[in-house]
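These protein sequence lines are chains A and B, in that order.
Take the first sequence: its letters are residues 1 to 209, numbered as in our numbering.
Take the second sequence: its letters are residues 1 to 209, numbered as in our numbering.
Since the hints were derived computationally from the structure, they do not count as laboratory data.
From a predicted model like this one, the values you see are computed outputs, not experimental measurements.
Nothing false has been slipped in among the hints.
It does not matter which identical chain is meant; a pair holds if it fits inside one copy or across any two.
Only pairs whose alpha carbons sit at most 30 angstroms apart, straight line, appear in this in silico DSSO-like list of lysine-lysine:
1. Lys142 / Lys42
2. Lys22 / Lys90
3. Lys42 / Lys90
4. Lys2 / Lys22
5. Lys44 / Lys142
6. Lys44 / Lys184
7. Lys195 / Lys44
8. Lys90 / Lys44
9. Lys42 / Lys117
Protein chains: 2
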Amino acid sequence: MKFYDCNPAPSPRRARMFIAEKGLEIPIVEVDLMANEHLSDKFKAINPQCTVPALELDDGTVICESVAISRYLEELYPDPPLFGVDALDKAMVEMWNRRIEHYCLAPVAESFRNFSKAFRTRSLTGPVDFKQVPELVERGRKRAEAFLADWDAQLADNRYITGDRFTIADITGVCTADFAMRIKIPVLEDYPNIKRWYEEVSARPSAKL
Amino acid sequence: MKFYDCNPAPSPRRARMFIAEKGLEIPIVEVDLMANEHLSDKFKAINPQCTVPALELDDGTVICESVAISRYLEELYPDPPLFGVDALDKAMVEMWNRRIEHYCLAPVAESFRNFSKAFRTRSLTGPVDFKQVPELVERGRKRAEAFLADWDAQLADNRYITGDRFTIADITGVCTADFAMRIKIPVLEDYPNIKRWYEEVSARPSAKL
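Kindly produce the complete structure, drawing on both the sequences and the hints.
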């Protein structure tokens, strides 16, 4: 296997953390997004959607999307289980993973990509250029901030996001929290449960890769 | 169990189709989105994110997000399998389900909600009002259209989206295709493989509910 990565970006970080939590070592191919390597014909042959991460299997099959890569590895290496252990637990992991994606990670990305000069014509991932929409800088921030109270409430009685067990929802959570802090969203200041949880999960070796 | 639904909306339709494909009958509670019933305190106690679908279990536990509901039912009722059957198949179902969501369904929703007068202050789902951003009407359409060639190519050699077996990716696909056609995106005209696939999957009884 080969893992197409870009170290500073949040999406490949999610899969990289998942790989580390499974105790796996997969050779990394670093894709230089700042040099637009992901928009090259060579990379489009790997992923026509021009995004990292991507996992290339030994027979050349490519799996894209961080959660799809993670699910593949969960099936091959079920221990420790990171997608839940029974029907309701699996549903809750799916629900919270998606809630954090939709209500926090995507809005933070929206704010960041519509603000940063580096993304002036690249406000969305994918093969097509889209120019920035200035209104989305503030909208993205507000959307993300609106979700933090619910996230904090969920952690009031839970050590990890869905209960006693660390899961992919925690991986999405810590990657999202760090990304949100890059655009100075006060994730930790006003949310004591998120802060307590963040201090624990961000100290895991997988969070430091 | 109780299924909180809204018949005309695409997200609950995805879960409704899934339930029908499993041969299940779950009592439906229709939520009147046009009358803002989902923004009421009563519904916020069910889902603080104010979205349908939601599945309420007999003990009062609520599962939100159509894919989380589907995954719960897949675990309880594994036949027919709709999330894939082995590691690679499950990864491909996850990948294509997400690709269709991110590159087509979300952009179609973006275009629709920023255009329709009914959503003037409700351009996004969730508990917070966001006014429409007119630039997103055209942007959403362009994003969705940019994905159709890849979708069509995937169906050139596959009966269903990920191969010989109907899966949740096909459910997401048919719900997305119908939604796209509501805003007059020519999903079928220029894409013969999508057309052939659409004619087959939209004829299933589950697609007519």
